[in-house]
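Visitor: Go ahead and model the full structure; you've got the sequences and the hints to work with.
Residues per chain, in single letters:
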Amino acid sequence: MSRQDHIREFAAKALADGRVDYFIGWKKGHNASEVIPAFVKDPADVEQLIWNPLCHHNLVTFIKRNMPDPVDAKIGLCVKGCDSRTLVSLLQEELVDKEKLYVVGVPCDGVVDRRKLEKEFADELVDVAFPEKGKVVVTTRKGETKEFAQAEVLLDACSHCRYPNAVYADDVAGPLETEPDREGTKPDWSDIADYENLSDDEKQATLEKVYSTCVRCFACIHVCPVCVCWDKCVNRSRQPELVAQKVGAKENLLFQMIHMFHVAGRCTSCGACDRACPVEIPLHLLHRKMNKEIYDMFGFEPGTKLDEKPVFQLFDLNDQFGD
Amino acid sequence: MAIKFLKQDQLPAFLGYLAEKARVVAPVKTDGVVQFEPWTAGKDVELDVLLAKQSPKEWVFPQTETYLKFQYSTVVPEQSDEGEDAAEGAVPHEMIEVESLNEAPTQVIFGLRPCDARGFVQMDQVFGGYGGFYFDPLYNARRAATTLLAVTCRDPRSTCFCAALDGGPAGTEGVDALFTQVDGGFTAEPLTEKGETALGFSGFADATDAQTSQADSVKSEAVTKVDAPFTLEGIRDNLHDNIEDKGWHDLCMRCISCGTCTYVCPSCYCFSINDELVEAKGERYRVWDNCFNPLYTEETSGHNPRAQKSNRFRNRFSHKFWYYPDKYDSLLCSGCGRCIMHCPTRIDIREVLQVMGSPRAAASGEPTEAEGKEA
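Quick mapping for you: the protein sequence lines, in order, are chains X and R.
Going by our numbering, the first sequence opens with residue 1, and the numbers climb by one from there.
Going by our numbering, the second sequence opens with residue 1, and the numbers climb by one from there.
None of these hints come from the bench; they were simulated from the model.
Keep in mind it's a predicted model, so treat the numbers as computed, not measured.
Cβ atoms here follow ideal geometry from the backbone N, Cα and C, with glycine treated the same way.
Some hints here could point you the wrong way.
Claimed, not checked - A few chain R residues facing chain X, derived, Cβ under 7 Å:
{"id": "1", "residue": "Thr74"}
{"id": "2", "residue": "Val75"}
{"id": "3", "residue": "Thr260"}
{"id": "4", "residue": "Asn274"}
{"id": "5", "residue": "Leu277"}
{"id": "6", "residue": "Pro294"}
{"id": "7", "residue": "Pro344"}
Said to hold, decoys possible - Cβ pair distances, simulated, as ranges:
{"id": "8", "chain 1": "X", "residue 1": "Arg19", "chain 2": "R", "residue 2": "Glu351", "range": "24 to 32 Å"}
{"id": "9", "chain 1": "R", "residue 1": "Arg360", "chain 2": "X", "residue 2": "Gly174", "range": "36 to 44 Å"}
{"id": "10", "chain 1": "R", "residue 1": "Ser358", "chain 2": "X", "residue 2": "Pro43", "range": "42 to 50 Å"}
{"id": "11", "chain 1": "X", "residue 1": "Arg238", "chain 2": "R", "residue 2": "Gly132", "range": "24 to 32 Å"}
{"id": "12", "chain 1": "R", "residue 1": "Ser202", "chain 2": "X", "residue 2": "His160", "range": "52 to 60 Å"}
{"id": "13", "chain 1": "R", "residue 1": "Arg360", "chain 2": "X", "residue 2": "Lys203", "range": "48 to 56 Å"}
{"id": "14", "chain 1": "X", "residue 1": "Lys203", "chain 2": "R", "residue 2": "Glu99", "range": "34 to 42 Å"}
{"id": "15", "chain 1": "R", "residue 1": "Gly42", "chain 2": "X", "residue 2": "Asp200", "range": "27 to 35 Å"}
{"id": "16", "chain 1": "R", "residue 1": "Glu196", "chain 2": "X", "residue 2": "Pro70", "range": "55 to 63 Å"}
{"id": "17", "chain 1": "R", "residue 1": "Cys270", "chain 2": "X", "residue 2": "Pro240", "range": "40 to 48 Å"}
To be verified - Here chain X is said to cover these stretches of chain R; the calculated rule only asks that three of the stretch's residues, wherever they fall, bring their Cβ under 8 Å from a Cβ of chain X:
{"id": "18", "stretch": "145-152"}
{"id": "19", "stretch": "189-198"}
{"id": "20", "stretch": "262-272"}
Guide: Here it is as structure tokens:
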């Protein structure tokens, strides 16, 4: 039985039993190269649910404050390992009610970065297929076809994944993926080494350049599963106007710095912000750097244990404050 | 007006010719992302990727546009001992100096698509005083100083739907001259006086009959590649009738309520006005806003008539296909499909119009429990 079949079976049962009002999974988008979040209300519709390496959306986004419709809905949802950590972050802070959730963990061996595929062609992608494990076949509108090894076109975030299986779930869609040795190894931060090696001035210049193209659409904020202020976001406030609404390199950097500080200790580097950004800003850069600092100072990995609290919600006299 | 021909390798020389007298804006690829930006010699114009991430709207209606600068000061008149009247005038008083800005450089936008050009025509209604409404000097000054040289969409995308909106991949609405890619270069048809002027470059030859007929077949073939997923007939009335339909809730479930669709759109024009004051110096600017922003409708009392995501979601489509046509006799969508391509969850405007632009069963009109609850 495939993971996809498991997901459909779990969803159908939860809907039929009335355990949930709707179930959130993934389904095919407007063509076979796209996957979009699916909201299933009728057990007869579970056939539209799919599972493949294009299922990048972190569905925890849709259970955070102001997303459920109706507001008190009982919701079922699928989570990959990385997604489950953001769910645990929300649970640690009691921002969602565990009793109203039904969580299906989906063991994951890596999500394909569709933008990496897009960059290989000038033409539009119309089909991305997975004929066998580890192989990706892309077809464009004019019929050009190219094959890729899955490992070469994964999201960057997948290269440093330590949680291929959900850390919190009610049911699991099939056998678990092999767990890495987390006890004996540290997280891999090599992706930000280039940034860390820059001088302060170079860092400032890099950040201003990276965020200069930001259009302030707020996709990064709204898609972020642990960014929960919604309508009260300080970045929107105009009375007082704390962040200029103006779009410019310095203003944009301040806007992103605020996002980084507000999710510090809760951000799990799930990468949803990167994938939502319409102008492809590498938003993970600041967040990853912050996560590394938090790990180095407190040994804390956000969203991994239900009985922990986010590091900035605790006060411990034994904390070590840097050098 | 005669159709001309420009050899492919003459394109940089042509843009260089234009750049002598105007700012030239064209689609350029930087780090894999195609955007409209000022062209300078040596930059390659990207025409293989059909649509730049954002429309060229920014160059006529900038995202941030400072239009007033002001400075407060206190004037202390010289003291005089002569009579009571003079003494009254000698009271120190506040003064504000205001400088208005309206920058409208002559510019040519090359490489936009017919849908992009049509977006400007649609926006012209709201900024141009149509129906006796406000005439916006900022927008109109820039618009008048801008020449639009569009390129036919030889290979439309599956997300294109201009054909459903009475447009097309070789549409000429708002276009000053239309370029079409043929063997060895482009045919160029001047459509307005501005277009005629832009084609004054000496590198153009008269197009041969073979080139014009190839351009014609490129255009007619392109038309066959665009889907028309819905018909406009009845959409306005149905959107009106379906305003309370619970279908809006179902369709917006995956919407994250960001503003991406509006900021990549060639015709979304909403903005807010901000004052920024540092010590005694300030500026007033307008900046793009969008109907998904909670502050867009929040009232001073704190009440928000569009409290929920679904209320905000409904507005975007109703505005484009119902309120705007009612008020300005024009659609507010040219079918470029950027909102579908760049939406983080691929909300599909075609699907929304198919569902909510059709008659709905009366039974589904029951307001849901959540409707109207404050967020």
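Visitor: All hints, please: hold or fail.
Guide: Here is how each hint holds up against the structure:
Residue-level restraint check for R:Thr74 is violated (minimum Cβ-Cβ distance to chain X is 24 Å; threshold 7 Å). With a cut of 7 Å, the hint placing R:Val75 at the interface with chain X is violated, because the nearest CB-to-CB distance is about 28 Å. Taking 7 Å as the C-beta contact cut-off toward chain X, the hint placing R:Thr260 at the interface holds, the least distance being around 5 Å. For the restraint placing R:Asn274 at the interface with chain X, the shortest Cβ-Cβ distance is roughly 5 Å, inside the 7 Å limit, so the hint holds.
For R:Leu277, the interface hint is violated, since its Cβ never comes within 7 Å of a Cβ in chain X; the closest pair sits about 10 Å apart. The beta carbon of R:Pro294 is positioned within 7 Å of a beta carbon in chain X (closest approach about 4 Å), and the interface hint is therefore held. Taking 7 Å as the C-beta cut-off, the interface hint given for R:Pro344 holds, the closest approach to chain X being about 4 Å. Checked against the given bound of 24 to 32 Å, the beta carbons of X:Arg19 and R:Glu351, roughly 29 Å apart, stay inside it.
Restraint check, R:Arg360 to X:Gly174: a C-beta distance of roughly 40 Å satisfies the suggested window 36 to 44 Å. Between R:Ser358 and X:Pro43 the Cβ separation comes to about 26 Å, which falls outside the hinted range of 42 to 50 Å. Under the hint 24 to 32 Å, the C-beta atoms of X:Arg238 and R:Gly132, about 31 Å apart, fit the expected range. A hinted range of 52 to 60 Å for the beta carbons of R:Ser202 and X:His160 is consistent with their spacing of about 57 Å.
Distance hint for R:Arg360 and X:Lys203: a CB-CB separation of about 55 Å, consistent with the stated range 48 to 56 Å. Roughly 37 Å separates the CB atoms of X:Lys203 and R:Glu99, a value that falls within the hinted 34 to 42 Å. At about 33 Å, the CB distance of R:Gly42 to X:Asp200 agrees with the hint of 27 to 35 Å. Under the hint 55 to 63 Å, the C-beta atoms of R:Glu196 and X:Pro70, about 60 Å apart, fit the expected range.
Checked against the given bound of 40 to 48 Å, the beta carbons of R:Cys270 and X:Pro240, roughly 23 Å apart, lie outside it. Only residues whose beta carbon comes within less than 8 Å of a beta carbon in chain X count, and the stretch 145-152 of chain R has 0; fewer than three means the coverage is violated. Beta-carbon proximity to chain X at under 8 Å applies to 0 residues in the stretch 189-198 of chain R; the threshold of 3 is not reached and the given coverage is violated. With a cut-off of 8 Å between beta carbons, the stretch 262-272 of chain R has 4 residues touching chain X; three or more are needed, and the interface restraint holds.
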